[in-house]
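2 protein chains.
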Amino acid sequence: MRATVYHAPGDVRVENVPDPKLVDPTDAVVRVTHACICGSDLWFYRGEAKWEAGWRTGHEFMGIVEDVGREVRGLKKGDRVIAPFAFSDGACEYCRKNVQTSCVNGGYWGGSDNDGGQGEAVRAPFADGTLVKVPDEFANDEKLLKAMLPLTDVLGTGHHAAVSAGVKPGSTAAVIGDGAVGLCAVLAAKRLGAERIIIFGRHQDRLDVARGFGATDFERERGKEAIDRALEMTSGGVEAVMECVGTAESMELACAIARPGGAIGYVGVPYGAKEGLNVRRLFSHNITLRGGVAPVRAYIPELLADLLAGKLDPSPVLDLTVDLDGVPQGYAAMDGRTAIKVMVKP
Amino acid sequence: MRATVYHAPGDVRVENVPDPKLVDPTDAVVRVTHACICGSDLWFYRGEAKWEAGWRTGHEFMGIVEDVGREVRGLKKGDRVIAPFAFSDGACEYCRKNVQTSCVNGGYWGGSDNDGGQGEAVRAPFADGTLVKVPDEFANDEKLLKAMLPLTDVLGTGHHAAVSAGVKPGSTAAVIGDGAVGLCAVLAAKRLGAERIIIFGRHQDRLDVARGFGATDFERERGKEAIDRALEMTSGGVEAVMECVGTAESMELACAIARPGGAIGYVGVPYGAKEGLNVRRLFSHNITLRGGVAPVRAYIPELLADLLAGKLDPSPVLDLTVDLDGVPQGYAAMDGRTAIKVMVKP
Chain B
1 MRATVYHAPG DVRVENVPDP KLVDPTDAVV RVTHACICGS DLWFYRGEAK WEAGWRTGHE
61 FMGIVEDVGR EVRGLKKGDR VIAPFAFSDG ACEYCRKNVQ TSCVNGGYWG GSDNDGGQGE
121 AVRAPFADGT LVKVPDEFAN DEKLLKAMLP LTDVLGTGHH AAVSAGVKPG STAAVIGDGA
181 VGLCAVLAAK RLGAERIIIF GRHQDRLDVA RGFGATDFER ERGKEAIDRA LEMTSGGVEA
241 VMECVGTAES MELACAIARP GGAIGYVGVP YGAKEGLNVR RLFSHNITLR GGVAPVRAYI
301 PELLADLLAG KLDPSPVLDL TVDLDGVPQG YAAMDGRTAI KVMVKP
Chain C
1 MRATVYHAPG DVRVENVPDP KLVDPTDAVV RVTHACICGS DLWFYRGEAK WEAGWRTGHE
61 FMGIVEDVGR EVRGLKKGDR VIAPFAFSDG ACEYCRKNVQ TSCVNGGYWG GSDNDGGQGE
121 AVRAPFADGT LVKVPDEFAN DEKLLKAMLP LTDVLGTGHH AAVSAGVKPG STAAVIGDGA
181 VGLCAVLAAK RLGAERIIIF GRHQDRLDVA RGFGATDFER ERGKEAIDRA LEMTSGGVEA
241 VMECVGTAES MELACAIARP GGAIGYVGVP YGAKEGLNVR RLFSHNITLR GGVAPVRAYI
301 PELLADLLAG KLDPSPVLDL TVDLDGVPQG YAAMDGRTAI KVMVKP
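Heads up: the protein sequence lines correspond to chains B and C, in order.
The letter at position 322 of the first sequence is residue 322 when you use my numbering, and the numbering goes up by one with no holes.
The letter at position 321 of the second sequence is residue 321 when you use my numbering, and the numbering goes up by one with no holes.
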């Protein structure tokens, strides 16, 4: 089959690779129908994460089950499935506690050991624990399928930011970052009842999406003046801050604007975030730091239900579609910020 | 009156200072009957906190109300009161949310602006919001009064560590640090139902107190082997970790032994703690960092009730008593670790 392979910073290629096949009896093989390029893929694309030539890329995908191992119970050939960005056995302590990203047998798509989502097909370990079946009546509605695709990562991650930050009905929330995760955090905060949602972003097109998702206030700066404005407009700080970038600058901002007794929900992969942590302020004002790599598997059922009920539509974050050959151009578009998020249709 | 004054690292003196008097109508004047020297006082005593000569010391005290301002409603002359280590107005948003240490009108005892507890008397701002009256029938029981004294700080702080770490009935907990706060964290974790309590400490006398408070496992090391032992004995990490020191080393240990999906409750004043934070591990395993300067005022009523009911006795942490003239020797004893915690009886 053909799949995307990392070669060097700025260099991903679509190449022939071995066809996936069942290895363990709990495996499924899934033909990929929809995939994404993720903001976090840019970390290796820009050379900031240590990657090796030959590693496979892509951790967000949906598809059709082509084959299942003899121990798979809940899925069959032909089922439409959503894959969270990490696979998990669904049985261990952490899976039962809904921290599937810490599954003792789990792992991430792509890299050296697993198929990536940016290809024609994937061997999916622990199919029952990992994959979520889309009800048959919705399995071929292309508009709905596009809306579901962010469930594989960014919507669940934005939701995790909102949950971790403790967004409650009537609360004031802030989202730092206008990437797809930040935008989804706005949507999730709105869904959880936030009354006022301030987004910190720099791109007008993305802020427009944020407005559609429920953002009420827009801040294009990040320095002292922006902090002062946020403290002023909230009379002392934001109860629920969602940090969706992961840099020192964004974490510094999160610490500066959080309200005493409030929380920062952080989901941006922490490249530099530690340097930005103001532990003194967190300590002095009992501000909680909660979050991490989102256990998206835990959230898919509830978010999918709202989505199928027409109450949730994250599809505006997907503003460019490419086919498999177009994946390298998709990376370039995200790197150059001419696209928020790229959908891949192999 | 006479009170303790900071001069330089290693140099505190008991001197004549102006008598306290009512300034605001919400003030009380309290004659100090019991005070403490705190582990956190050692930060300035050792020159690690920036203090200025002339500042007043002591933030833990109990006493008898001598006078009240005309707006004080809940207290009268002669009442026995417990003072939390911070004063607070009891009325602002943060007080109502039980984050009294972030009170918009609040502050800390001692320093340049306020009387310290290590003296004969104190002007207490916001007396109604700050001070907690001891029921008259218990107001003169010297044994009980000694047991109450840790309510001013270390017991409430240990309890805050336990609450922040999410200690639940049946859970496994770890306490890092065998100072008075760490020992009180053991007591608080036991009270909240922890089944297994591992304490990391280096002093046999303190570990003996910890055993009496409910600790079940004792670890004298902090390096890789100690971490491996903790991970081994808990099959993968401790759900509720209480960090009661504040150094890089203790925070590093806390991050290393926390269980995926668990929490670190941190109450050690963070001198260096940031350097020890393993944000990557916290992020990868959704480990929450929660805590800060304890809103002790919020906890006094519930802890006092248990204490008066005979269910809670932190007095073993007070292993040396001095009079006011003995305060400098008390500092030396705590600095030299020949005392866990010093009670001062002016």
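Think of the hints as simulated: they come from the structure by calculation, not from any bench.
Some hints here could point you the wrong way.
Under the rule of at most 30 Å between Cα atoms (straight-line distance), these lysine-lysine pairs were calculated in the DSS-like manner [stated by the list, open to error]: (1) C:K311 <-> C:K50; (2) B:K224 <-> C:K97; (3) C:K311 <-> C:K274; (4) C:K133 <-> B:K274; (5) B:K97 <-> C:K190; (6) C:K345 <-> B:K168; (7) B:K97 <-> C:K345; (8) C:K274 <-> B:K274; (9) C:K50 <-> B:K274.
Next on the checklist: Tell me the numbers of any earlier hints that the structure contravenes, in ascending order.
Outcome noted: Checked against the structure, the hints that fail are numbers 1, 3, 4, 6, 7, while the rest are satisfied.
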